[in-house]
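J.: As given, the protein sequences belong to chains Y and B, one line each in that order. Residue numbering for the first sequence follows our numbering, beginning at 2 and increasing consecutively. Residue numbering for the second sequence follows our numbering, beginning at -14 and increasing consecutively.
Keep in mind the hints are simulated off the structure, nothing from the lab. For glycine and all other residues, C-beta sits at the position ideal for the given N, C-alpha and C. One or more hints might be untrue.
[Stated by the list, open to error] Derived, one-sided and incomplete: chain Y residues facing chain B with beta-carbon distance under 8 Å:
#: 1; residue: P27
#: 2; residue: L71
#: 3; residue: P143
[Claimed, not checked] Calculated lysine to aspartate or glutamate pairs in the DMTMM-like style (CA-CA distance at most 25 Å, straight line):
#: 4; chain 1: B; residue 1: K55; chain 2: Y; residue 2: D72
#: 5; chain 1: B; residue 1: K152; chain 2: Y; residue 2: D72
#: 6; chain 1: Y; residue 1: K30; chain 2: Y; residue 2: E65
#: 7; chain 1: Y; residue 1: K78; chain 2: B; residue 2: D122
#: 8; chain 1: Y; residue 1: K30; chain 2: B; residue 2: E79
#: 9; chain 1: Y; residue 1: K67; chain 2: B; residue 2: D172
#: 10; chain 1: B; residue 1: K89; chain 2: Y; residue 2: D204
#: 11; chain 1: B; residue 1: K80; chain 2: B; residue 2: E131
#: 12; chain 1: Y; residue 1: K214; chain 2: Y; residue 2: D204
#: 13; chain 1: Y; residue 1: K67; chain 2: B; residue 2: E202
#: 14; chain 1: Y; residue 1: K78; chain 2: B; residue 2: D48
#: 15; chain 1: B; residue 1: K(-3); chain 2: B; residue 2: E174
#: 16; chain 1: Y; residue 1: K61; chain 2: Y; residue 2: D35
#: 17; chain 1: B; residue 1: K57; chain 2: B; residue 2: E94
#: 18; chain 1: B; residue 1: K89; chain 2: Y; residue 2: D72
#: 19; chain 1: B; residue 1: K78; chain 2: Y; residue 2: D204
#: 20; chain 1: B; residue 1: K57; chain 2: B; residue 2: E202
#: 21; chain 1: Y; residue 1: K67; chain 2: B; residue 2: E123
[As the list claims (entries may be wrong)] Chain Y is nowhere near these chain B residues, computed Cβ spacing over 12 Å in every case:
#: 22; residue: G53
#: 23; residue: P85
#: 24; residue: A148
Single-letter residue listing:
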Amino acid sequence: MITEDVVIRESQGGIIICLDSQGSFPALKQQLSDKLEAFDDLLIGVQVVLDVGQRKLSKKEVHELKNLLLDQGLHLKKLVSRGKNVDLKDNKGQVEVVSMPPARLSQEVGTSEETILIKRTLRSGQRVFFPGNIVVLGDVNPGAEVIAGGNVLVMGSMRGLAHAGALGSEQAVVVAFRLNPTQLRIANHITRAPEGQGSAGNDPEMASIKSGKVIIEDLKL
Amino acid sequence: MKGKVIVITSGKGGVGKTTTTANLGTALTMLGRRVVMVDTDIGLRNLDVVMGLENRIVFDIVDVVTGGTKLKQALIKDKRFEGLYLLPAAQTKEKTAVSPHQMKTLCNELKKEFDFVLVDCPAGIEQGFKNAISGADEAIVVAVPEVSSVRDADGIVGLLEAAGLNKNQLIINRIRPRMVKRGDMMDIEDMIDILSVDLLGVVPEDEIVIVSTNKGEPAVMDTSSRAGDAYRRIARRLNGEEVSMLPLNHSEGLMNKFRRMFKMASR
Ligand SMILES: Nc1ncnc2c1ncn2[C@@H]1O[C@H](COP(=O)(O)OP(=O)(O)O)[C@@H](O)[C@H]1O
Ligand SMILES: [Mg+2]
């Protein structure tokens, strides 16, 4: 991805699209729209941070990019510029534009010791990946996926797919207020909920690996 | 006057979006409101057929958004009801003939003139869906009491939320009271628990819906229709009235039964 002109990265609650500083504007537009097309409906309605790097953008070009995103159902939330090269006049405050030193943005995408907090219910078709820990303040519904390099903690019902230690850690755990996943993975171990089993009760449970197997037990605090 | 744009959506097809749009549109005008129904199912239009207005179509939504036709010219007035209009979908054009941006402009235009703009959404989550929701203020999600439909509805609510639509209400369609009584149908409580959205109403399975659809007369016109009755009650709720939910005399849902069994087994 890095070698291409358009880099799309997921960040908390939205995506960051980095545009290369070189190349013609029409070529860039084409690449951006191809990329967005490939993501298809996964991204609908998502807030986008556009990182234009050092590129010079005219007011018209900013407008074009905004419309391009809108046609894919995406909203431009922020425009990040590494220089002072974007024509900001007459923008009517519709797009928030910030200038940022080059390093800052990449730091926003976490390293594995970090934890992200997801303050909503994850619904069918939604997928969250994070190299660190994931805490969900809500439910994870059937058809939704939570994949963490570290631990997964769900404050509501875990009914979808949970994968803790997705980068290989067998120490990772999945904890949920109601643990009733369609599938549960820790590192490279996979288990399914036994056929027909409803959520057993209201007690929080924890899944971990013990002697090479995924086991589920009441969470003792 | 500033009305509300409500998109009626579901994910999967055949669960009752068009039926819901036609019945709620008609019922709301019976309550004295001005309503326009917008069919965004380009290529597969059928709201006009359900409303019995097919033979009056001259212009369609694509003619309007591409600028050639005035909105007033394309709107079909339903002569049976004061204040009820239909903007039909195009039958022979590409789905991509309308953009989300154009749809938004259209909805903003319509809500100046109407109390309710009901947008009938096509099946799926592609371009047609994106178009349909782009001008909406709120959404009605239609689901039938089946696991796969609830899964679809859940995905749709997720997409709606991601698009910034947070007032999403649920209509559960095609409930069969006898199956509910036997506990053979997905439990309404469980559906609401998963979807965690407000329940706007429950519509029973009713043969009159099929008969009335074929006649081009929405079921709300038939006072003996149970589904029609349910839709009239839902329309009153949309109109701001407090209307109690009809007792469904449901005994115990399948899931609850399971739950109880397992609780007992694990003791
Ligand atoms: N409550 C109901 N009782 C009986 N039939 C229904 C009911 N709701 C919808 N139908 C039938 O189901 C079919 C699909 O409904 P429709 O409204 O066209 O779905 P959608 O617009 O979601 O594709 C139609 O034939 C319709 O008559
Ligand atoms: Mg339909």
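J.: Next step is simple, just say for each hint if it's right about the structure.
T.: Each hint, compared with the structure:
no.: 1; hint: P27; result: violated (19 Å)
no.: 2; hint: L71; result: holds (6 Å)
no.: 3; hint: P143; result: holds (6 Å)
no.: 4; hint: B:K55 with Y:D72; result: holds (24 Å)
no.: 5; hint: B:K152 with Y:D72; result: holds (23 Å)
no.: 6; hint: Y:K30 with Y:E65; result: holds (9 Å)
no.: 7; hint: Y:K78 with B:D122; result: holds (20 Å)
no.: 8; hint: Y:K30 with B:E79; result: holds (23 Å)
no.: 9; hint: Y:K67 with B:D172; result: violated (44 Å)
no.: 10; hint: B:K89 with Y:D204; result: violated (46 Å)
no.: 11; hint: B:K80 with B:E131; result: violated (29 Å)
no.: 12; hint: Y:K214 with Y:D204; result: holds (22 Å)
no.: 13; hint: Y:K67 with B:E202; result: violated (44 Å)
no.: 14; hint: Y:K78 with B:D48; result: violated (32 Å)
no.: 15; hint: B:K(-3) with B:E174; result: holds (21 Å)
no.: 16; hint: Y:K61 with Y:D35; result: holds (21 Å)
no.: 17; hint: B:K57 with B:E94; result: holds (11 Å)
no.: 18; hint: B:K89 with Y:D72; result: holds (11 Å)
no.: 19; hint: B:K78 with Y:D204; result: violated (55 Å)
no.: 20; hint: B:K57 with B:E202; result: holds (24 Å)
no.: 21; hint: Y:K67 with B:E123; result: holds (24 Å)
no.: 22; hint: G53; result: holds (21 Å)
no.: 23; hint: P85; result: violated (6 Å)
no.: 24; hint: A148; result: violated (3 Å)
Consistency with the previously given hints fails for numbers 1, 9, 10, 11, 13, 14, 19, 23 and 24, ordered from lowest to highest.
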